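Colleague: On the provided structure of chain A, position chain B as indicated by the hints.
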Amino acid sequence: MRGELHYDAVVVGAGTAGLVAGARLAEGGARVCVLSKGVGSTHLAPGTIDVLGYAPGRVSSPAGVFDEFVATHPDHPYALLGAEAVAEALRWFSATVAAGPLAGYEYVGGLEHNVLLPTAVGALRPSALVPETMAAGDASGEHVCIVGTRSLRDFHASLCAANLRRLGVDARSAEIEIEVDKADQNALGLARKFDDPAWRAALAGRLSLKLQAHERVGLPAMLGIRDPHGVWSDLEHRLGRPVFEIPTLPPSVPGMRVYEILRSALRRAGGRLVLGAEVVSSERSGSRVVSVATRSAGHDSVYAAPWFVLAAGGFGSGAIELDSRWATHERVFGLPLHGVPAVDQPRFVGDYLAEQPMARVGVAVDSQLRATDADNVLVAGAALPGAVPWREGSGEGIALASGSHAAQMVLAGAGAPAGAAA
Amino acid sequence: MATLSTDVLVIGGGATGAGVAWDASLRGFDVVLVDRADLAEGTSGRFHGLLHSGGRYAVKDPRAAEECIAENRILKKISPDSIEDIGGFFVTTPFDDPAYADVFAKGCRDTGVDCEEIDPKQALREEPLLNPAVSRVFRVPDANIDVWKTVWSMARGIQERGGRVLPYHEVVAIHRSGDQVTGARARGAATGEEIDIEARVTVNASGAWAGAVADMAGIEGVRVLPGRGIMIAMNHRLVNTCVNRCQMPTDGDIIVPIRTVCVIGTTDVNTDDPDDHTVIQSEVDAMLDDGEKLVPGFRQARAMRVWTGVRPLFEDSKAADTDSRDVTRAHALLDHAERDGVQGFVTITGGKLTTFRLMAEETMNAVSKHLGDERPCTTKTEPLPGSEDGETYRLGERLGRKESHLRDEQLVCECEMVPRSKLEQAIERRATTNLDDIRRLLRLGMGPCQGGFCIYRATGILHGLDGLTAEQADDSLLHFLRERWKGVWPILYGDQLRQARLDDWIFHGVLDVEHLPVASPQAETVAS
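Each protein sequence line maps, in turn, to chains A and B.
Oh and the first sequence: position 322 is 322 in this note's numbering, straight run, nothing missing.
One gets this note's numbering by counting positions in the second sequence from 1 and adding 1000 to each.
Hints were generated in silico from the structure; no laboratory data involved.
Don't take every hint at face value.
[Unchecked claim] Beta-carbon label-pair distances, calculated as ranges: (1) Glu177(A) <-> Gln1425(B): 18 to 28 Å; (2) Gly1400(B) <-> Ala354(A): 37 to 47 Å; (3) Asp1272(B) <-> Thr72(A): 37 to 47 Å; (4) Gly104(A) <-> Gln1281(B): 52 to 62 Å; (5) Glu1388(B) <-> Arg238(A): 47 to 57 Å.
Fair warning: this is a prediction, and the values are worked out from it, not measured in the lab.
Think of the CB as a built atom: it goes at the ideal place given N, C-alpha and C, for glycine as much as any other residue.
Here chain A stands alone, though its shape is the one from the complex:
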């Protein structure tokens, strides 16, 4: 065991919420360390910033329905955060993308209006703020050709186009051949090929032969990982028409771009990120957490700080666990949970599309999103109770706003506790 490492704040979790909290703490001048078992939700999510897609009917303007939504969902993170916190977090995100490592890459849209973007199966999914590389997919546009390749098993263009037609989009599909050196190629492998200008030019040449006049082109989300803006604008230029990406099965290329942007913001501001560092225990003093210990390859470490941000996720990451005797635990700090069904009530129900009783379980928080049982632990992201983000289309809105809120809380209170030297 080495000596303790001291920070102004320690963030647990490197999904969107944790990276946002870490980056904003660092930007605010705090010495911050983000600890994580591994990469988080970014690599699984579509890479769009969904604020509120369904409530439960399709939402056309998240800003427009916000007040009504929080009035009917008083336990929802949005009810605690408020509309302005969400708006501010989105502005920060857009600016961070623009200042980030992916030259020219931008997000477009905002809280006033959800765009409807095709999914890989051909449903239309509402999103508030989306990568420029996806924006032209909005269902309000005209003719579209969805292009797939047999080399990518994770995208099926004909099914996507067929469902889009059922939804009133004038869509057809085409297939292109892409040569790969192993059969099980995923979108990331193909994105790396798209980063190569010569390879891309050749592909655009073949693709242009398949297109009809006035068609937009939808491709699986694989248009570059290093330089997505360059890849996308080059393709639009070469094909002479709007081109857009459609998110598909993980690993998510657009999600990995988000990760890269947020990680870079954290590092640029002087914050630290330690991956492969699972928190295995924590020390407390009364109602405060004093330190956490991580177990990683080679050695254990102890991180002490006056503030902690719990952004380790919910059941999906394993940070909240339901055991085989049907007891629920928060595994990082052992904090109490909110929303757990009573012992004699069902945890899940047999109707696949019904809301599951366990769906809204999260770490119990006060109105400031502080854990009820630990004064200096702020909770962010999927660890929060009260939301069903995968059904509501609210995951990134909650993550951005709560991660930002946690950072602001710590920065506002940072004067109080004495920061020990590292």
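Modeller: Showing chain B alone in chain A's frame:
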């Protein structure tokens, strides 16, 4: 209305019915096999996958034990492609009566079940996760069997010999002319169209549903007591040998490793309705505790799925009505000419998977007499299609194939290593839009991710190949998700809950399947 005419109509496409139809085909009779659902979709496909050595019955039911060991040897010869010859242990745990071990050893000797006592230390070397407190261990020739593979091999063999196999054809009436059963009427689930099947002999091989089918023929008093049991599949093989508690058969006393998973079974609860698949929570909890007795730490392992199967137990009036395990496991062949004076109708029910071939042989011996044309049975020696080389299945076969085709063979399902070419062949061969049918053929979506990654891919491939409409493809996708969820939610905890949440993010967060366009009213009318 379409009509078919045949020598033998078999009602029920489980292992027994398919076995009867296969036996009939080999004897050179023309045959039609019908099932209300997919082949081996009922009891046959809902057990733990054990090919019995007979050890389990050596004390309690010596005749069943003798049948099991004989059939175990035969099936390993004729159907090796669907059998993995992993062997079995009977172990005395601290929870078992130590005196039973010697009774067990004697029972095995008396019934001819190969049984060798081994040093518990040796057993622990072979199975390190086994309870270290086991005091006696016996090795027996248990194995596992992929029933869907066996049944579909027979179906292929039947078709190659000109027989007709009609899954999703439910019998809605049995035709009688006086004292003669003359066939049946079946309704196709896909189209609603009915066909009349004229048969010289009709075989009722509908297992737990045999009473209802006999009723349709106007034959009373065929009573089958359905005994429902639950099985739980763990996400990997905690043991590589079938492990049985060395005690009188009871709940949760066996773990069967099969393919990539292992299955613990089972319970036994009387039920009135063989279609009742309710999973009772207390049974799940008890089963997990039973798992701990054989493999300490069982509750920390990842449970993937739970399901129920219904045993067809032919009622013996002398048995108590309270525990269906006391009803005979032996099969019952009812020749209704002798029993009821009704010609051309035979019922076979009861029994167990391991003895399906024997049941089929006895049934066809009776049927041959009805046909007045007694031909010899050859199922003991004739290998099933796909098993001609005599090689048993080995775990790692699929991985071996994949590794030699890294460049050109795309995997659709990584968990069960199902390549795209196999999926395409299966879709073509089965001409089905039901991904659950494909699952039974290929084990698609049966691994740890429970379809999270493969089902979108398979739906896309199905849509492209079969020229399905988007409605049909969406229905297939949603049907699969609903079916999977049935077996997932009653046992969702630990890492499987993490997986389910990832699947939620894929199907809702990324694909938004909930908001696929709904089927048009016309399409719904056709389906009903």
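Colleague: All the hints need checking, so say for each whether the structure fits it.
Modeller: Hint-by-hint comparison with the structure:
As the Cβ distance of Glu177(A) to Gln1425(B) is approximately 22 Å, the hint placing it in 18 to 28 Å holds. About 43 Å separates the C-beta atoms of Gly1400(B) and Ala354(A), a value consistent with the hinted range of 37 to 47 Å. The supplied range of 37 to 47 Å is met by Asp1272(B) and Thr72(A), whose beta-carbon atoms lie about 44 Å from each other. Range check, Gly104(A) to Gln1281(B): about 56 Å between beta-carbon atoms, so the 52 to 62 Å window is met.
Separated by about 55 Å at the C-beta atoms, Glu1388(B) and Arg238(A) satisfy the suggested range of 47 to 57 Å.
This entry satisfies every hint, going by the numbered hints stated previously.
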